[in-house]
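Respectively, the protein sequence lines represent chains W and L. Quick note on numbering: the numbering used here labels position 166 of the first sequence as 166, and the sequence is numbered without any gaps. Plus 322 on top of the position in the second sequence (first one is 1) and you've got the numbering used here.
Everything labelled a hint here was simulated from the structure, so no lab data went into it. Keep in mind that a hint or two might mislead.
[Claimed, not checked] Heads up, incomplete: computed chain L residues facing chain W, CB under 8 Å, no partners named:
hint	residue
1	G698
2	G700
3	A701
4	G707
5	D780
6	T790
7	D810
8	F876
[Stated by the list, open to error] Restraint-style ranges between C-beta atoms, simulated for each label pair:
hint	chain 1	residue 1	chain 2	residue 2	range
9	L	E717	W	N135	29 to 39 Å
10	L	R834	W	L265	38 to 48 Å
11	L	V684	W	V202	25 to 35 Å
12	L	A680	W	G255	26 to 36 Å
Since the model is a prediction, treat every value here as computed from it, not as a measurement. Cβ coordinates follow ideal geometry from the N, Cα and C atoms, glycine included.
What follows is the residue order along each chain.
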Amino acid sequence: MDVSRPGKGRLRVAVTGASGDYGRLLLSRLEQDPEVESILVLDVARPQGASAKVEFHRVDLTRYDAESELTDALTERPVHALYHLAFLFGPIRNGSLAHELEVIGTMNVLTAAGRSRLPRLVVPSLTAVYGARGNNPAMLREDSPLQGCPHSRFVTDKVEVEGQVRAFRERHPDMRVLVLRFAPVLGPSVDNPATRLLRNPVVPTLMGYDPLWQGLHEDDAARALHLALRAETSGEINVVGRGVMPLSGLIHQAGARPLPLPGPLFRAALHTLDAVGAGTLPVALLDYIHYSWVADGERAESALGFIPLHHVRDAAAALKRS
Amino acid sequence: MAKGVLGNDPFQRGAASRHAESATPDGEAKAAPEAPAKKPVKGPSGNGAKSAAHKATASAKSAGKAASAKSRKPEKKPAAKARGGKAAATSGKHGAAAQAAAPLRPQTRGPASHGLEDAVLPLREPAASEPSLADAEPGPVNDAGPLTGAQRDVDHALAEALASEAAEASATAAVDQTLGTRGDADAELERLMAMEVATEQAEQAVAELLEQDPEAMSPELERELAASVAAKVADRSARAAADEARPHDGAAGEARWSEETSVTVRVTEDEADTTAVEAEVELPDATRDEFPPGRRGPLSLVPPPSYAEDGARDAFPPDAGRSGPESVRPFAERAVAALSLAKDIAGQALASESMARALLAVGGLKDMLRAGLGTGGGANLDEYGKDPALVERLEPVLEFLYSQYWRVSVQGVVHVPPGAAILVANHSGALPYDGLVMSMALTRERPDLREPRWLVEDQVFHAPMVGTLFNRMGAVRACPENALRLLDEHRPLVVFPEGYQALSKPFGERYRLKRFGRGGFVKLALRTGAPIVPVAIVGAEETSPLLGRIPASFLGLPYVPLTPLGPLPLPAKWSIRFGEPIGVEDLPPEAADDLGEVQRLTERTRESIQSMLQSLLRERRSVFAG
């Protein structure tokens with residue numbers, strides 16, 4: 001690694017959705033990476049505080065002509081890696097937009113990536129795609145079936161994206177396609193369903209159940225994304241923090257209080273609230289607070305060289321400090 | 323000495339003279355005033371008494387009276403002395419004597435002059451208005467002739483009756499006087515109690531006096547003496563009692579108390595024969611040091627350990643002689659002392675080891691409940707969900723269950739090979755404690771092995787509370803992935819191939835093995851090469867026999883088992899026997915796909931367990947005693 005000439009590297013990295021949490025975390029790392037020559041940002045808005053390395057190219061992934069625009073941008077100058085990070089993690093007000101962005105946007109990106117013969121594609125995913133089911137083994141490995149969560153459009157879309165990416169990988173065996181399945185990313189600067197849940201002062205739980213959760217500190221998530229730039233591997237990789245915690249312990253660590261509610265009551269209340277549109281809590285949550293969904297992070301260490309630095313309790317505690 | 327001070331008091335002389343008149347109307351008026359001055363100083367000593375007698379004789383005007391007084395005195399002295407001495411020596415033992423004496427205790431402090439004046443009036447009036455005393459006067463006065471025994475007896479009884487009457491009357495008067503001004507709601511109660519105490523004491527004093535010298539006294543004198551003594555004692559003790567009944571009248575009561583004591587002294591001197599009454603005066607002296615009336619109350623001076631002794635002291639007559647309301651204060655203090663004692667005991671109990679263990683166990687159970695409910699938290703779980711911290715906190719409970727409640731006896735534990743091993747056991751009991759007990763037995767008996775885990779079926783693993791709790795204590799959901807993973811970690815793995823159907827079989831089918839699933843554990847053994855160790859567990863069936871099933875589909879459970887003590891197990895004795903390992907090293911991993919081979923090994927394991935069960939059941943004489 002040539003650190004004597006910063007900014008004079010030879011890697012050119014393209015990033016979609018650089019304004020999101022993943023994009024923000026990754027961009028700061030890439031800017032500091034001396035081997036990264038330039039960063040091509042393909043997004044609807046220019047990322048704030050971007051350095052001189054960043055080249056902005058406006059692309060709306062939900063548009064019908066996004067695919068050709070992407071291909072043009074990617075073939076104009078050769079790109080060594082494409083990070084497809086354009087996913088929504090905020091509260092989804094517009095379900096169809098989210099679906100367009102996730103599924104159609106990913107389809108456009110994959111098509112463009114195939115056309116431009118990119119050597120490397122990195123797509124983030126979630127361990128939630130395994131689904132929280134009673135038949136889950138104690139540790140979910142990457143080859144476990146993606147059972148998803150029928151109640152959650154968010155997770156269902158993710159499962160569909162993963163299917164697309166897997167199909168793409170099979171069609172392009174010469175490309176390195178990495179899918180990073182992140183455990184819930186926790187940290188002061190991220191916003192996703194898990195952090196929103198844990199930032200409530202009182203978190204409802206199912207009485208009599210205390211499933212095991214994992215968490216990933218945002219610094220670890222950024223590091224894992226950065227490591228994917230050079231990893232000599234392909235396929236899905238679980239990226240999880242150190243250790244597991246029961247949900248109640250996670251809630252305690254995040255500075256909130258668990259409120260155990262009897263299952264039938266909780267279910268009925270949540271479904272009713274969902275039906276009337278007052279989506280305070282996603283119905284999908286019911287699965288994840290019922291059954292454990294612990295992913296095995298072994299492959300991240302062996303294939304990606306990723307060793308989490310933060311324990312899940314520190315990640316949750318970081319949530320409290322923010 | 324108080325007596326001397328009091329004796330010099332001019333008032334004392336006045337009162338004395340007045341009393342002397344009532345007692346001996348004929349004369350001795352001059353002898354009486356002088357007597358108090360000397361008598362108290364000398365006390366019950368023979369010399370003092372003699373000199374007093376001499377003076378009285380010398381100053382007597384009536385020759386007859388003087389003669390009779392003279393003749394009586396020398397005779398009485400020894401008896402009085404003896405009595406006084408005895409009473410002083412044995413005041414602790416003689417309840418009645420001490421009780422009578424207690425109120426007579428003189429106050430060592432000099433009486434306040436105000437208090438004196440206050441006390442004068444109440445004292446005089448009862449004595450003056452004593453109707454029984456007046457009645458007694460007209461009796462056979464000057465008859466000093468010898469009496470027969472029967473006559474004396476009659477006179478004695480008469481005197482006693484008279485005395486008690488006098489005592490009651492004077493007590494009433496005194497108490498009325500003392501408490502009359504009070505309008506409290508409890509004034510009536512206090513009055514009654516004070517009166518009763520006073521009367522009792524007066525009667526006792528008289529009875530003792532009369533008992534002391536029955537034959538030496540002439541009947542009329544006896545009566546006189548009895549009546550006057552009764553009146554005085556009753557009067558004084560009534561006032562004392564009444565005063566004590568008003569704790570807030572502290573200073574006034576104190577002053578009056580000392581005043582009255584001095585009056586008593588004078589009264590006794592005034593009597594023609596002083597000795598008997600003098601003994602009464604002397605008695606309190608003996609007891610006073612032990613129980614100063616003013617400071618008997620504070621229990622705080624008494625260290626808590628001697629509380630029992632204190633209670634004994636409370637039962638002591640001097641206290642019992644006190645009027646009821648006064649005992650309210652000691653009671654409060656006693657309660658405080660008892661409380662502090664209880665605190666002491668509690669502190670010591672807390673410090674004791676067993677208590678600490680019990681408290682720890684309670685804390686552990688609380689954590690267990692919280693963990694079961696799903697609010698326990700825990701930050702250091704392993705990847706399977708076991709919470710070592712919770713297990714450690716539950717250790718007192720588990721230890722009790724294992725060693726004392728179930729008295730688990732383990733046989734053949736040496737058969738468990740080091741490294742990965744599949745321990746196949748019979749599942750039993752409506753509540754599956756067997757996995758927990760198995761892992762505890764292995765941890766205790768074979769500390770060289772890695773921490774064992776046991777697999778539980780989904781119905782238990784996903785049961786609310788129970789499943790969560792078992793998971794925190796080391797249970798792992800039964801599935802091939804988990805089993806492979808655990809065996810890869812070289813752990814002993816406890817499996818129950820019968821599964822849920824073994825838990826739901828009726829009590830009548832206990833220890834009859836069900837079908838061993840589909841031989842998953844054999845496939846596992848063949849794939850990993852881990853040996854199969856058959857294990858028979860006896861006692862678990864009786865720990866929680868299945869009496870019935872309550873449908874509970876709303877809880878996500880097929881049913882809730884109905885057991886004798888609910889979730890609590892019965893104290894059946896457990897026996898765990900480990901059999902010879904069944905090795906699979908000579909079979910290739912591909913044999914796992916050979917259903918015939920799998921079936922053969924499954925059946926072999928099953929038969930091994932069933933025969934061990936039979937022998938354990940034959941050896942067992944009693945379900946609970948073993």
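### Task
With a cut-off of 8 Å on the beta carbons, see whether L/F876 makes it to chain W.
holds, 6 Å
### Whether the CB-CB distance between L/A680 and W/G255 falls inside 26 to 36 Å
holds, 34 Å
### Message
Using the nearest Cβ pair, does L/D810 come within less than 8 Å of chain W?
### Response
Violated. Min distance 11 Å.
### Restraint satisfaction for L/G698 [CB to CB of chain W, less than 8 Å]
holds, 6 Å
### Query
If you check the beta carbons of L/E717 and W/N135, does the distance land in 29 to 39 Å?
holds, 33 Å
### Restraint outcome when L/A701 is required to lie within 8 Å of chain W by C-beta distance
holds, 5 Å
### Message
Less than 8 Å between beta-carbons is the criterion; does L/G700 satisfy it with respect to chain W?
### Response
holds, 5 Å
### Message
Is 38 to 48 Å respected by the C-beta to C-beta distance linking L/R834 and W/L265?
### Response
holds, 41 Å
### Query
Holds or violated: is the Cβ of L/G707 closer than 8 Å to a Cβ in chain W?
Holds. Min distance 5 Å.
### Query
Taking the least C-beta to C-beta distance, is L/D780 closer than 8 Å to chain W?
The hint holds - L/D780 has a Cβ within 8 Å of chain W, the shortest such distance being about 6 Å.
### Query
Would the hint on L/T790 stand, with a C-beta cut-off of 8 Å toward chain W?
holds, 5 Å
### Message
Verify the CB-CB distance for L/V684 and W/V202 against the hinted window 25 to 35 Å.
### Response
holds, 27 Å
Violated hints amount to a single one, hint 7; each of the other numbered hints is respected by the structure.
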